[in-house]
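The listed protein sequences correspond, in order, to chains A and B. Numbering of the first sequence is given in the numbering used here, commencing with residue 125 and proceeding in unit increments. Numbering of the second sequence is given in the numbering used here, commencing with residue 62 and proceeding in unit increments.
These are calculated hints, taken from the structure and not from any lab test. Be careful, since some hints might not be right.
Claimed, not checked - Each computed DSS-like pair below joins lysine-lysine, with the alpha-carbon atoms no more than 25 Å apart:
1) B:Lys129 - A:Lys205
2) B:Lys153 - A:Lys205
3) B:Lys153 - A:Lys196
4) B:Lys129 - B:Lys153
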Amino acid sequence: MHESGEHVTCREVVELASDYLERALPADEATLFEQHLNFCDGCLWYLEQIRATVETVGRIREEDVPPETRDKLLTAFRDWKRS
Amino acid sequence: MTRAAAHERRATAEELELLGLLRAGDERAFEELVTEYYGTMIAVALTYVRTRAVAEEVVQEAWLGVLKGLDRFEGRSSLKTWVLRILVNIAKTRGTREARSVPFASLAPEGDEPAVDPERFRGPGDGFPGHWRSYPANWHALPEDVVHGQETLRVALRAIERLPPAQRTVIVMRDIQGCEPEEVCEVLEVSEGNQRVLLHRARSRVRQALEEHLDA
Chain A
125 MHESGEHVTC
135 REVVELASDY
145 LERALPADEA
155 TLFEQHLNFC
165 DGCLWYLEQI
175 RATVETVGRI
185 REEDVPPETR
195 DKLLTAFRDW
205 KRS
Chain B
62 MTRAAAHERR
72 ATAEELELLG
82 LLRAGDERAF
92 EELVTEYYGT
102 MIAVALTYVR
112 TRAVAEEVVQ
122 EAWLGVLKGL
132 DRFEGRSSLK
142 TWVLRILVNI
152 AKTRGTREAR
162 SVPFASLAPE
172 GDEPAVDPER
182 FRGPGDGFPG
192 HWRSYPANWH
202 ALPEDVVHGQ
212 ETLRVALRAI
222 ERLPPAQRTV
232 IVMRDIQGCE
242 PEEVCEVLEV
252 SEGNQRVLLH
262 RARSRVRQAL
272 EEHLDA
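Let the hints inform the model, and build the full structure from the sequences given.
Here it is in structure tokens:
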């Protein structure tokens, strides 16, 4: 899959970034990935951008249950309990 | 049906305990569960139905289905997966009625979708083909409050809302709701590989939106 056997290019690195963070890369690909980062600031910063993206998305607040939904469901639960 | 039933995770001890409380009619346990699953349930429903209002109805209907089946649930799958599958069945039925039926196959990632515009890399005729023409920015050099500010959060949220449904569902489940990859696979019936591709594409698109915002 690599444009060259013994190294990965920047264009390949960006496709592997999320899998790398997920620890889903096979060992040999993870090694090539890390070797690339050792000499490429562009990809290092790209990986940091993906990390920052995951972190930003993680700060989005989980949604609250609307009060009407909560009330409706609690009523249903009480009915179910009685039946 | 990409995963064999044998691989499925069973209900955890914690879930079985919770199940006992629900069966005993513990309202607080029920309310906590409704709260915990809410964001995930809305996101999963929106994979199959078009509007927020219908998704809300699907969530309510799913809980009624859960109550109906609670005494028969045997813990062969995780409680969460079981609840979400009831939801998916209802959402699919509604989606079909709305004429937005999403067959299994279309939840799989389609076509080729580069994470970064290919124009940003050197072509085959250049020296160092496949390498950056110019580097992406170092966000660590930006003021802290820009990256961590409310506006950046809003940009991320808007980018997520614009994602294709399957990508949106996966990023919400994984990165907002903190679901495990296995849960995504079991509920949406996608392979582990496809789950990762959908997550990768979603994160790449959100990164791009953040880049446009932060570089401006």
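Problem set entry | Violations among the numbered hints | Hint 2 is the one this structure does not satisfy, whereas the remaining hints hold.
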